[in-house]
Amino acid sequence: MEFWINQTFNGLSYAALLFLLGGGFTLIFGVMKIANIAHGSFYLVGGYIGYTVASHTGNFYLAFLVACVVVSFLGMVMERLFLHHLGGQDLRQMLITMGIALFLQDLCLLIWGGNPLNLSVPGYLARSLRVGKYYFPALRIFMIIAAGFLYILLRWFQEKTRVGAMVRAAVDNMEMSEGLGINVPLVTLGVFGLGALLAGFGGVIGCAFMGIYPGLDFELLPFAFVVVIIGGMGSLQGALVGAIIVGLIDNFGKALFPELSYFTLFAPMAIVLGLRPTGLFGRG
Amino acid sequence: MIPDRAQSRRWVFVGLFLGALILIAVPPFLPTYIVILFTLSLVYAIVAMSLDLLIGYTGLGALGHAAYFAIGAYCTAILVTRHQISFAGVLGSSILLAAIASAIFGILALRAAGVYFLMITLAIAMCVWGLAFRWVSLTGGDNGITGISRPALGLPWDMGDVIPFYYLVLFFFVACLLLMFLFIRSPFGKTLVGIRDSESRMRVLGYNIWLHKYLAYIVAGGFAGLSGCLYAYYNSFVSPNDANLTHCMEMVLMVTIGGPGTLAGAAPGAFVIVFLKNMVSVYTQRWLMVLAAVYVLTALYAPEGVMGIFRQIQGRRQPVGGKG
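Line by line, the protein sequences give chains A and B.
Take the first sequence: its letter number 209 is residue 476 in this note's numbering, and every next letter is one higher.
Take the second sequence: its letter number 171 is residue 1151 in this note's numbering, and every next letter is one higher.
Rather than coming from a laboratory, the hints here were simulated on the basis of the structure.
Every residue gets a Cβ at the ideal spot worked out from N, C-alpha and C, and that includes glycine.
Careful: at least some of the hints might be erroneous.
[Unchecked claim] Distance condition first, Cα-Cα at most 25 Å in a straight line; then the derived SDA-like pairs of lysine to any residue: (1) Lys1170/B - Leu358/A; (2) Lys300/A - Leu1090/B; (3) Lys521/A - Phe485/A; (4) Lys521/A - Gly1124/B; (5) Lys300/A - His1227/B; (6) Lys300/A - Arg1176/B; (7) Lys521/A - Asn1221/B; (8) Lys300/A - Ala1282/B; (9) Lys521/A - Gly1120/B; (10) Lys1257/B - Leu377/A; (11) Lys521/A - Leu1118/B; (12) Lys300/A - Gly1039/B; (13) Lys1257/B - Glu486/A; (14) Lys300/A - Phe1097/B; (15) Lys300/A - Met343/A; (16) Lys1257/B - Gly482/A; (17) Lys300/A - Trp1190/B; (18) Lys300/A - Ala1092/B; (19) Lys521/A - Ser1117/B; (20) Lys300/A - Ala1093/B; (21) Lys1170/B - Gln356/A; (22) Lys1257/B - Pro481/A.
[What the hints assert, rightly or not] Some, not all, of what chain A presents toward chain B, calculated at C-beta under 8 Å: (23) Lys300; (24) Leu358; (25) Leu369; (26) Gln372; (27) Leu488; (28) Val493; (29) Ile496; (30) Met500; (31) Glu526; (32) Phe530; (33) Phe533.
Here chain A stands alone, though its shape is the one from the complex (with noise of 0.2 Å):
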């Protein structure tokens, strides 16, 4: 039973992460219609500029702010400059942002050298909370809550607002929404940066929870796509639901068979594209 508890809330902790990293992915491909090879560079430059803030100014709340900025403006100019010219050319968008992701690792490499950064967390967060015969961390704790309260906002502003109608209007049928008077360039990019900046976010809490080095970039790719092909492109409910059964099934997968750990993120998505091809949520 301890080990059943344990291992849900770790495999629930890392569904948060996974989430920020997968629903920034899967907004990015809701509007472009593109897989970001350099979303996992986002995360990876946003841990790093959140460790530096961090360890400078020596307040983790500024961190994620500054993270978040510098990230989100990086992808927007990485949109305006690269990808948004090329609309509907998959494999050249593909090939450039494998070279854009390149090269960022490489200059990550070069600023912050190769060694593993740790963020440390204000005390508060680095404490444990205890119920009864349990011990919960209270990081993980804060990221499940974080990522939980990102995922009502952006759902509400998606839903709710004015803004939010104009972006699902962009994702259903760009032309026709540009025809209604939606200025529908402007609306790529900033669900660019948006994407960038959840990844950048995302990076930060990564940072403090389970470090960062450079190839960690392409070693969480995989599992956003996993994520977003699971629960659906351009879905954030789907990125949710995927984020939280390949959180929980890699958790439990690590545990069991330790051997398998990677393979064991096949089969849901063997499941699922069997089953439904445009993932559990996604649209035709």
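Fit chain B to the given chain A structure using the hints.
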């Protein structure tokens, strides 16, 4: 139109002839290191050509091709280091295993189309990477498998030497090139091109689109397995890196630089990347940035490859448009 085509065909023949001449006659006079890079380039040329069957001829953006390459390489590594099996047996099993793997994964990947297909193939490749990385008892995990000795073929030359092994790889390269050439010239290959250009039209004509794509995927996987087998012999070492994302995308880059849909074009693409990687890393530690620039520049300015640029210049000079 007609003189233009005849002319460009003549150029293709001249290029092929020169290429063949260089590949056959020059290596014995080159420095050893260069011959080693030639060997590696030819190994990659095989897998890149097989990927071109999918990207260029079938219109399937299969990004995870390194998975089948790695499966072939691991199969070879395991059979050579742990079992006593002849070269033919090793080669055959590597091809077969890669083809079986692509038959299994192909069923899943072909459930989706377009950019979904790109992502799913890439995700599958990363699962294969994860398997190589974590299934330590079989694959040696992060350390990979070392000590793969070159095959003994019963020929008077020792395959451990650089030049004989180069010619062995060249032999396989030529054989694969011819086989793939016959494949795309066959009615089956023509159907694939038809599917690439208009899936709906081919469906109306009564072709089984899914089956054609699926078979093409398996054939390409088999060739990738062959290439992986040669790679394992060449390198005498395999590691999870052979299946990773960078490796997957490098193969796509080779095809793109060579020009998708040119088959033999993938070979120069492979040469460019192999030489670039090995030469630039001699001069600078920041070779990843150089590679990054190659990705971006290729995608921005040469999406049809070097051949495409050539064609564009020609097209500008003789504005007699239309597809051939």
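Next item on the list: Against the structure, test the hints numbered earlier, and report the numbers of the ones violated in rising order.
Entry: none
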